[in-house]
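Chain by chain, the residues:
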Amino acid sequence: MIPTQQQFQHRSMCNDTVKWTWPKTLSCVLRLLFVGSFLSGWVLVVNAEAPASTQPAPNTGATIPDSAYQYPIPNPYLATVAGTPEPLQGARPEVRFKKRHLPQLEDREIPKVLWYGRRLQYSYAAQRHPAPLVYVIAGTGAYHTGGTNLDLMRAFYGAGYHVVGITSPTHPEFIIAASQTSLPGNLRLDAQDLHQVMSKIADHLPKRVKVTNYHLAGYSLGAMHAAFVAKQDVQDKRFNFERVVMINSPVTLYASISKLDRMLENIPGGVDNFNQYFSSIVGQIGNAYGRSTNVEFNQDLVFEAFKERPPTREELAALIGSAFRIASANMIFTSDVMTNFGFIKPKEVVLKNRSSMADYLQVGLRVGLTDYFHEFFWPSFEDRYPAMNRQTFAKRQSLHSIKDFLATTPSIEAIHNADDIILEHGQIHFFGEVFGERATIYPHGGHLGNITQVQTLAKIVGPPVNKPGVAKRAAAQNPTLASTGVKP
Amino acid sequence: MVKPLGIALLTLTLATGGCATTPKAPGATSITPPIYGRERMALDDVEAPLEISDPFEAYNRSMYWFNAKADDYLLNPAVAGYQRITPEFVRRGVTNFFQNLDEIPTLLNQVLQLKWSGVWDTSRRLVTNSTIGVAGLMDVAKRFNIPRHDEDFGQTLGHYGVGTGPYLMLPLFGPSNLRDALGRGADTLVLAAIDPVELDHHPDRRYPYYPLLIVDTRANTAFQYYETGSPFEYELVRLLFNTMREFDVAK
Chain V
1 MIPTQQQFQH
11 RSMCNDTVKW
21 TWPKTLSCVL
31 RLLFVGSFLS
41 GWVLVVNAEA
51 PASTQPAPNT
61 GATIPDSAYQ
71 YPIPNPYLAT
81 VAGTPEPLQG
91 ARPEVRFKKR
101 HLPQLEDREI
111 PKVLWYGRRL
121 QYSYAAQRHP
131 APLVYVIAGT
141 GAYHTGGTNL
151 DLMRAFYGAG
161 YHVVGITSPT
171 HPEFIIAASQ
181 TSLPGNLRLD
191 AQDLHQVMSK
201 IADHLPKRVK
211 VTNYHLAGYS
221 LGAMHAAFVA
231 KQDVQDKRFN
241 FERVVMINSP
251 VTLYASISKL
261 DRMLENIPGG
271 VDNFNQYFSS
281 IVGQIGNAYG
291 RSTNVEFNQD
301 LVFEAFKERP
311 PTREELAALI
321 GSAFRIASAN
331 MIFTSDVMTN
341 FGFIKPKEVV
351 LKNRSSMADY
361 LQVGLRVGLT
371 DYFHEFFWPS
381 FEDRYPAMNR
391 QTFAKRQSLH
401 SIKDFLATTP
411 SIEAIHNADD
421 IILEHGQIHF
431 FGEVFGERAT
441 IYPHGGHLGN
451 ITQVQTLAKI
461 VGPPVNKPGV
471 AKRAAAQNPT
481 LASTGVKP
Chain P
1001 MVKPLGIALL
1011 TLTLATGGCA
1021 TTPKAPGATS
1031 ITPPIYGRER
1041 MALDDVEAPL
1051 EISDPFEAYN
1061 RSMYWFNAKA
1071 DDYLLNPAVA
1081 GYQRITPEFV
1091 RRGVTNFFQN
1101 LDEIPTLLNQ
1111 VLQLKWSGVW
1121 DTSRRLVTNS
1131 TIGVAGLMDV
1141 AKRFNIPRHD
1151 EDFGQTLGHY
1161 GVGTGPYLML
1171 PLFGPSNLRD
1181 ALGRGADTLV
1191 LAAIDPVELD
1201 HHPDRRYPYY
1211 PLLIVDTRAN
1221 TAFQYYETGS
1231 PFEYELVRLL
1241 FNTMREFDVA
1251 K
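Chains V and P supply the protein sequences, listed in that same order.
If you're matching positions, the first sequence starts at 1 in our numbering and goes up one per residue.
If you're matching positions, the second sequence starts at 1001 in our numbering and goes up one per residue.
Treat the hints with care, since some could be wrong.
In silico BS3-like pairs for lysine-lysine, Cα to Cα no more than 27 Å straight-line [what the hints assert, rightly or not]:
| no. | chain 1 | residue 1 | chain 2 | residue 2 |
| --- | --- | --- | --- | --- |
| 1 | V | 98 | P | 1069 |
| 2 | V | 112 | P | 1069 |
| 3 | V | 99 | P | 1069 |
| 4 | V | 467 | V | 207 |
| 5 | V | 352 | P | 1251 |
| 6 | V | 459 | V | 403 |
In silico contact screen, one side only, chain P against chain V (beta carbon under 8 Å); selected entries [as the list claims (entries may be wrong)]:
| no. | residue |
| --- | --- |
| 7 | 1031 |
| 8 | 1032 |
| 9 | 1035 |
| 10 | 1036 |
| 11 | 1038 |
| 12 | 1051 |
| 13 | 1056 |
| 14 | 1057 |
| 15 | 1058 |
| 16 | 1062 |
| 17 | 1065 |
| 18 | 1069 |
| 19 | 1093 |
| 20 | 1193 |
| 21 | 1246 |
Simulated from the structure, these hints should not be mistaken for laboratory data.
Backbone N, C-alpha and C define an ideal beta-carbon position, used for all residues, glycine too.
So that you can see chain P by itself, here it is in the shape it has in the complex (with noise of 0.2 Å):
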């Protein structure tokens, strides 16, 4: 689960190094002024709305529209199958049985930012469901109404004040930041290195867990790019995610 970062890093350094003029059709030697242009609507003297600093943009957008093909090549015919193939029950399984795990990043996140109310909470939910919920499968602690909470690393790192970093766009996982990218990665390596499904006595285990991992994350996300057919829907993502992580941060 590192490999993508690291991907990421590259295709970063590759895609940066590309232009970020303003894209002339071939023959135009000048720009004719729009009949509303930023000048006509005097918007260089108020604050612009929405406007967020994104300094990769270039490279972001291009794996914004990278993320859309993979989804339409690979991941969502892939849940399509899963969907076709799976009864809803088993589903649901999976689904709680990879939140139950998800809850061990949650609780470290949570003694780290010294959130005892919410370690509470989750300790109770991870011992509930791994063990009346059958290793997770079931998620009973939703019917004794333990309330479930979710804290990442990029969290941590900003209830003590690290800044977002630039936006940026990861392949396959999508929006995030430097910060969260890095959380991400430290919350992976921490799972990975306590591994609760013991991947390392049983290597076997690998071809079911990975793409079960992905097909399940994938089939639990309602977004899909370009859904809204919006052409700013690059922009409203990037400043609805960004709202999000302040939002959950501050929590």
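Only chain V is shown next, with the shape it has when bound in the complex (with noise of 0.2 Å):
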């Protein structure tokens, strides 16, 4: 459960040259403050102030040595907060994706107040060729749609992919309309979940989608529900992956959400203070706003609104727990209506579109996800697994509970970075001593800072695949080409 680039990436949605109207703004500011994205602004102005606390990074084959590696900044707060520099991105063409939803589960009680949550939505791009398939599950809260998700989407699909993107588990659509439970954050329910979540759409895809082999992707979280998707898969024998991605995931899920718990700690004055906290930042960005000439309100305004003040690190890290704070209290608060467990609405309460959720929202933004698990999560499980306790539970949803599966199985791939603000003190060895050759530690980049990075970007969607045909005629012009399988 980890905040996601995605949060943090939307330069590209708010620059385009639209008519400048409220919902515009909205829509923009919506992605720009809330979703945390405009701490991407710091970046240029604080570039690489702050000594970054890297972890040492394993000693293993699979590292890559900061020389040969291209990213600039040493920060991982600030890696993670502000993306990669556009010339050093990767290559990802615009891709129209078909955005379509599977039915209604039968059977399922869904609360009024939710209903726009009741079919879930998945997009795809196909080949005009047979071509191999990758379902790409984005992290932590994000949609199908989301920034990261879309740029490793394009970018599978540049390579020569039929793509087709999963909403998170984390996600209220896919609590409301898809999960078993209710109550994200159970690994193996997750992957069942998403397992049939994506046999489903495999047999919505039309028929001329010819389909020569299944891949996975995920980031964040997404990683680790790839790890158990796979899991399952070979229970289920469906897909039968070629090969399984997990980007930047997080090892330990408790350990996770207590750290990004903890970064709300951050604030100035504490929790009680977010909103003098949050005025002064939404000021800031105001008066670079009256200031300039641009009727745009884009990224390059906050890059401005923080020349004049950088943030420090606590800073930062206040501002990630935020913007992480709001994705958990959508969570929290879609699972509570799904299951009327009563954690935050009362049980009796029967919400309608015109009820006030004022209370709700200011006790969510109070609550953690370390609340979440222990009071609402395993609870509700409690019954369930009556051979378990409360740590055990904990423990297994962790990449060491599939440990064996993990280092046996050669399709699967790790691609992580040695500072990765969501990992605890030497967590990072475990992608090296469990996967040896087939983990990629990158040397900084933070949580997903560096995913479109163009070193990055090549080792996640791996060499383009051929389409049938051209390897022939190449093979016919250039046998070498052919043969690396380069396109001609």
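Join the two chains, each given in its own frame, into one complex according to the hints.
Written out as structure tokens, the structure is:
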């Protein structure tokens, strides 16, 4: 349950030349402010000022040395927030993805107030010829069309794959429409839900989409989900994945969520001062907007806003924590309404479209994911797993619990950064130890900051898929090209 | 274009008659406090984060839902059809055309606010685009790097210290407040009085004009109701709308 880069990269979405209307502004600001992306403005300004507490890279053959990797931001918090500078980004062709809904599950009771999430949406783009199909699973709280997911989907499509984008099981729509328990975070059940969703999508795709074999990719929590889906598939024998790519995966979920919960403690004066803190940030952006000659509210403005007063490391952490807290409030409240557990909403209250949610939002912003775990998640599963206790249940939500599977399955690869902020000290070594040569550890990038970096992206998508026929023609003309898998 | 405002006021009076008590499940006599309630969080002692006064919340929320449905059944299909039958350069031309007309209220409001450098920019844009830009179909002024501004009567009122009044969700137009809704009405009336497209002399021009205006506006609006999936989307939109309008007025 990790904040996703999707929440931080929205340049392209807010810069297009559309007419200036309030909703345009709003959707931009929604993305810029609320999902945290405005943080990225800071980077140009502060550029690598604070020293990074880079964890020592594990000494395995999979580690990429600093000298062989081009990424300019050594501070992992800044990297997380800023992403990759334009000139270093890999190719992601513009693709128009088709959006489709799976039919609503039969017998599923959906509270009126959550009507909008009754059907699960997904997106796909198909090649004109037979090709492998890759499923891309979004990270914490992210939709299938979220920024990072789209980046990956576009890159894979460009490399010749059919591509299907899948919403994270932690997104409200998945909780409402597709989760058997509506309680995300139980990785084995999440994987069952995901596997079912993916099978249904495979059945729903138009007949003209010829699939040669299946691939799977995921980032952040989506990477962890990908691993468990791959394991589920060994049982179900549906996809027989050719290749599974895990990008910036957490190792133990509980360690990562408590790290993220604690980031909010960086708000100056504590969480009670959130309002003051929020208005000071908003005020800074507002001032820059007032001075600028631009009517568009875009990221450049945010760069401008923080030139005068660059953010400290604490402020960066607080912002990542805040952006993340909004995603977790969405998730927890949706689960609460779906299960009627009485966590934030009293059991007897039946919400309507016109009911005020103000109190629930305020409580939701105060409740952390560790609170969710201890007082909602575990109590809901306690009876189902009599052999487990709180600790063993928490431990099961980790890659350690499927270590042997990961170590012995050659199709699974891990891509990670030595300074990822969601990992605890030393956790990065897990990947080198378990995946060996199938792990690639970059020296910098924080959490997903370098996902669109050209080397990283090339590693993620792998060699381009040859079009049928092209390989033959190429072989006739130039035998060396065809044998290395490079398109002529 | 004034009609929606009338409908808004009508629905407003009808809808605010409803009660605002906590809805209870049938048969429930008492309410069990949730695990995390306001009391446990001691929220009564701190300033509520991100809260905006919203006396017409019940009406506004119903209208938020109505707008989403109107999008689903009416506006989004219309936009999809429009995009299917017209090539990109035609749509760009339509967008530029309406954007050029929109310079007129912007100009007037800049005059009212005595923002002379803005007046200079906007007049140059208006003249350049209306002439070289073939009646506004091409945004030539952009190529000359003449900055575009956006002012409306709501901002003018705000500029002179008029408060926003209560937050209002307008049918089809979406988030607004009393001041800006009136401002929008005033801008529309003034533009209708100036009548640059001469709709009064050529009533048949209305048939392409209004549908295109509506479809073009929706097509250029990235926002989709309930798209975030957040159960708190209404609150987030309300906060952001207010913040943005404060920025706009201050600009």
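Structure versus earlier hints, numbers of those that do not hold, lowest first
5, 13, 18, 19, 20
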